[in-house]
Amino acid sequence: MSSTTDDGFNPTIHAPQRLRICAVLDAADRVEFATVQEQLKVSASVLSKHVSVLMDKGYLGQSRATRDRRQRVWLSLTQEGKAAYRAHVTALKEITGA
Amino acid sequence: METEPVATRPTPEEAAAALREAESAQESTRAVKVPAWYYPVLGLLFAPYGLLFVIPREGLWNLVLLASLAAFIGAFVLLARIGVNQMGVLRWLTLRELRPVAIWSLVPILGGIGLYLAYDTPWAWVAMTAGLGVAIALFGPYHRRTSPYHRRNGDR
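Protein sequence lines correspond, in order, to chains X and Y.
When the first sequence is numbered by our numbering, its final residue is 98 and no position is left out of the sequence of numbers.
When the second sequence is numbered by our numbering, its final residue is 156 and no position is left out of the sequence of numbers.
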């Protein structure tokens with residue numbers, strides 16, 4: 001399946017959890033993995049699976065930093081990811097007729 | 001399977017629901033508040049910055065100046081890092097959110113410039129940065145209470 005249609009609708013991003021993940025990350029420069037998990041109220045394993053899918057598409061990047069002597073993962077949308085998410089939102093708005 | 005792309009295009013109702021979900025997720029992220037201590041500490045760090053302008057530019061004082069500048073920058077970076085780590089979000093405030101402090105800051109800025117022009121003294125900059133420090137410190141509680149993104153969930 002192609003990653004996007006002509007109007008920007010993106011089947012990969014449209015999956016409910018991934019759309020919300022992209023929405024959270026589009027609202028900030030970077031968000032900690034645990035914060036995304038808390039915002040979306042999903043388990044770490046579920047979030048990890050969706051993060052992997054988005055990373056495979058090149059939409060999402062992650063970095064690591066130490067806090068309280070533990071490695072923390074920070075997530076951010078790539079430029080491609082931001083463009084794909086925003087195009088997808090535009091496509092959704094067109095579908096609603098808004 | 002949950003991780004597979006969504007095969008079918010949504011109906012207008014489904015698209016509208018998806019947009020509401022996305023907007024709700026974004027609002028929750030924007031509603032994450034800066035820690036209460038952050039802006040007062042930032043203001044406290046910024047306030048004495050004007051003293052750099054009264055340090056003599058000679059001999060060992062140059063080293064003091066460089067060390068002070070390095071300490072200021074290092075402290076600011078450390079403060080930002082601690083604040084972001086505590087929030088779990090790195091988000092720059094919007095121009096709308098920053099507008100109050102930008103307006104308040106005009107008072108010490110114009111006052112400092114006026115003092116300098118009137119008295120030709122570097123202490124005018126000390127007064128200016130002290131005033132800016134107060135403006136920044138006061139911005140924190142104001143922002144926590146009035147940001148358009150914070151009203152939805154109350155304290156977080």
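Since the hints were derived computationally from the structure, they do not count as laboratory data.
Here the structure is a predicted model, which is why all the values come from computation and not from measurement.
Think of the CB as a built atom: it goes at the ideal place given N, C-alpha and C, for glycine as much as any other residue.
Fair warning: there could be bad hints in the mix.
[To be verified] Under 7 angstroms between C-beta atoms, here's a sample of chain Y residues computed to sit facing chain X: (1) E21; (2) Q26; (3) L65.
[To be verified] Taking lysine-lysine and the DSSO-like style, the derived pairs with C-alpha atoms no more than 30 angstroms apart in a straight line are: (4) K82/X to K33/Y; (5) K33/Y to K49/X; (6) K33/Y to K41/X; (7) K49/X to K93/X; (8) K57/X to K93/X.
Would you pick out the hints that fail for this structure and give their numbers low to high? 3
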